[in-house]
Amino acid sequence: MDMNSFSPMMPTSPLSMINQIKFEDEPDVKDLFITVDEPESHVTTIETFITYRIITKTSRGEFDSSEFEVRRRYQDFLWLKGKLEEAHPTLIIPPLPEKFIVKGMVERFNEDFIETRRKALHKFLNRIADHPTLTFNEDFKVFLTAQAWELSSHKKQGPGLLSRMGQTVRAVASSMRGVKSRPEEFMEMNTFIEMFSQKVNLIDKISQRIYKEEREYFDEMKEYGPIYILWSASEDDLVDILKDVSSCIDRCCKATEKRMAGLSEALLPVVHEYVLYSEMLMGVMKRRDQIQAELESRLEALTYKKADTDLLTEEIGKLEDKVECANNALKADWERWKLNMQNDLKSAFTDVAEENIHYYEQVSQTEEYLINLDSDLFLREDLDNNF
Amino acid sequence: MEQAPLDPERQLPPAPLEPLGRSDAGLEATGGEEAEGSRDAGSGVDTMTENNFWLKKIEISVSEAEKRTGRNAMNMQETYTAYLVETRSVEHADGQSVLTDSLWRRYSEFELLRNYLLVYYPHIVVPPLPEKRAEFVWHKLSADNMDPDFVERRRIGLENFLLRIASHPILCRDKIFYLFLTQAILTEILWSSQIGPTEFYYSADSRLKALNATFRVKNPDKRFTELKHYSDELQSVISHLLRVRARVADRLYGVYKVHGNYGRVFSEWSAIEKEMGDGLQSAGHHMDVYASSIDDILEDEEHYADQLKEYLFYAEALRAVCRKHELMQYDLEMAAQDLASKKQQCEELATGTVRTFSLKGMTTKLFGQEAPEQREARIKVLEEQINEGEQQLKSKNLEGREFVKNAWADIERFKEQKNRDLKEALISYAVMQISMCKKGIQVWTNAKECFSKM
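Residue numbers (this note's numbering), protein chains in the order written: chain A, 1 to 387; chain B, 1001 to 1454.
Keep in mind the hints are simulated off the structure, nothing from the lab.
The model shown is predicted, which means the values in this text are computed figures rather than measured ones.
Accuracy of the hints is not assured; some may be wrong.
Unchecked claim - In silico DSSO-like links for lysine-lysine, alpha-carbon gap of 30 Å or less:
hint : chain 1 : residue 1 : chain 2 : residue 2
1    : B       : Lys-1438  : A       : Lys-243
2    : B       : Lys-1257  : A       : Lys-205
3    : A       : Lys-212   : B       : Lys-1438
4    : B       : Lys-1405  : A       : Lys-180
5    : B       : Lys-1418  : A       : Lys-205
6    : B       : Lys-1405  : B       : Lys-1418
Stated by the list, open to error - Some residues of chain B that are not near chain A, with every Cβ distance over 10 Å (derived):
hint : residue
7    : Ala-1065
8    : Met-1074
9    : Glu-1086
10   : Trp-1104
11   : Asp-1250
12   : Glu-1273
13   : Gln-1344
What the hints assert, rightly or not - Short derived list, chain A residues pointing at chain B, Cβ under 8 Å:
hint : residue
14   : Ile-241
15   : Leu-311
16   : Thr-313
Where a beta carbon is used, it is the ideal one built from N, C-alpha and C, also for glycine.
Please construct the entire structure, taking both the sequences and the accompanying hints into account.
Encoded structure:
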């Protein structure tokens, strides 16, 4: 069975699987399968933290083996994300779940929180695996395969502290200057991202609110059904119909629970991921702008003959290449991202609609059953006359 | 079901002595037809034969409500709502109806009518009025008596009240009920002149007192004790049900309305999307439809709540009948006790033995025996009182038994009515739910289609 990489658990709705295959421009044969599971608590003298088990199965040649099992903590994921952003500043890196949720005072070690995070981390790794460029990233490979001590030592490698600081300073300097003329297509992209971010944030809030309201409705309904049973205890003639009404309400409760679960699995995590994506996108735009700003500052220096012309020209040449690369990378990734976004949101909302239809079908079935049970012929005639 | 002894002053003479403003009438011709209605009520009593033209021949409706301002008893300006009570007589042959009476009444006048019925038909489970103030509201419903939705539901409740009376085999023939429908100027003065100036107030007052008094009855009819227990349970369970239902309605309202926010956001979002735009836009529209559909759904459910409320208030009426029985029983027991003690006194005087304590006995002991003549005189007085007492006890007994018999007959009638009505209410509640589900399926199917086109 084809494993849908975007779902933390299988199977997904057939609809989203079909859509997944349609829009995938990645290698036809999937050769990297990743799962994130088994959160475990670790206690040391300094701190307590959670690790997640990561299982990788692959047929790729560059991997030493075909199966790997490692344990990683949230910090490690953060590191990986940082490295990817560094290596590919204008690619759209998948978002990580937030460090912690301030609103709602969710504890770090709350079960629901951990489960939600686990699913998001699963999605994060699989999105990387499906990305045509990122999937071959060296740090990614190390993340998936290295033992704990190997990872630590690998982390310490890379450009020295001073040079990293130097890069940062230059980046900050050029970002403060700002970019002079953003190409048209990136202007459009920027506008889109701003609007999109606004809308998806609203949708996130609305969806959370709907979940909350459904929960409160469910809580009240749970109290409602038993009252009919209580009533039936003092009646003779009405016992049966009252009991039936009560069981209708109970089944309605169950259907509501299912609907809520559907919402929480199909829609909420998807919408939330795109909230994080929209933040990510703004970062990407900034980085692209920075690269362009660097070039512009060098060009300016050339115009005012501030430094050695030959050196500058060489630098400019490199930077022009860099800008062109960055822009192309972003353009390509943008198209891919948009397609995925449309697809993901479309299937999430379609699933929600499906859940709602199913919910109403369930409820009306139980009510119809009640009517058939409890109308005797006389009463049905009565109803026919009235309606 | 047997008829209560009809108080000729309370009851209208049999029709067609009072044609309702139409000279020709199917009224006389359909005498036989009408008798059918009364025969259902079961009677062997002549006075009921040509009567229930109330049942078949007239239609009562409370058709309008209007805000009025006027001056109240303390000469202060007040705003109130008046309701138009219309009575139509139905032409037998072609079913057409002609308006025969129409007048405006306010809620307090309905209250007067009901209080009157309570006092003069204590063995009847008197139909209740719709609530005076809105209770069991959920947030959208206003608790304001002037709110148009509340007024509308009250109008329906008042109409229902009158129809219940009109379809009650005994109450429908009440003279005051007739006047309520036909005589515009229905002040207390008018009523007093029909009944007797102080009688109404006295009875109402003493009844009120009695209802509040606590007393212990030694041998109540067990059926009434059970009935009182039942009416307490019914009241408690229906209140609880209505309270929780209101909360459920509130929550359901919330779920639906929040979806409306999708509509707005989808619409704004569709502006920046090329391929997804149309799908988003139309999906948003369906979310709006979904959100607004809850208003009608909950309006319908309010009708179910009103049906339950009627029986909540009926529980009160049931309790009143039980209370009346207790009162009568208590009265009877007190009278019997009194008689017994008088008999004993008499016996002691006659035989000269003093077993019971009496002041006279004590003083006699202290100050010497009384003269035989005095004793004879006292015995004679006591014997008269005993005689009177025995008569009274006999008639009270009779009264009590009559009451129990008649009250129980009406209670059986009420029980059947209640079972029928509540069954229907519950089934139509289920039908409402189904209709809500069908709407939901419709909307979400449309929305799903739009989503899949995105």
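Now for the hints, and whether the structure bears them out:
1. Lys-1438/B x Lys-243/A: 24 Å, holds
2. Lys-1257/B x Lys-205/A: Distance of about 14 Å is within 30 Å: holds.
3. Lys-212/A x Lys-1438/B: Cα-Cα ~24 Å, so holds.
4. Lys-1405/B x Lys-180/A: Given pair Lys-1405/B, Lys-180/A is violated - Cα atoms ~101 Å apart, limit 30 Å.
5. Lys-1418/B x Lys-205/A: Violated, because 48 Å separates the two Cα atoms, which is more than 30 Å.
6. Lys-1405/B x Lys-1418/B: 20 Å, holds
7. Ala-1065: 24 Å, holds
8. Met-1074: Non-interface label on Met-1074/B holds, nearest chain A Cβ at 44 Å vs cutoff 10 Å.
9. Glu-1086: Given a closest Cβ separation of 23 Å, the condition holds.
10. Trp-1104: Non-interface label stands for Trp-1104/B: nearest chain A Cβ at 30 Å, farther than 10 Å.
11. Asp-1250: Contrary to the label, Asp-1250/B does not stay out of reach of chain A, its closest Cβ about 8 Å off (not over 10 Å).
12. Glu-1273: 8 Å, violated
13. Gln-1344: 45 Å, holds
14. Ile-241: Check passed: Cβ of Ile-241/A comes within 5 Å of chain B, closer than 8 Å.
15. Leu-311: 44 Å, violated
16. Thr-313: 41 Å, violated
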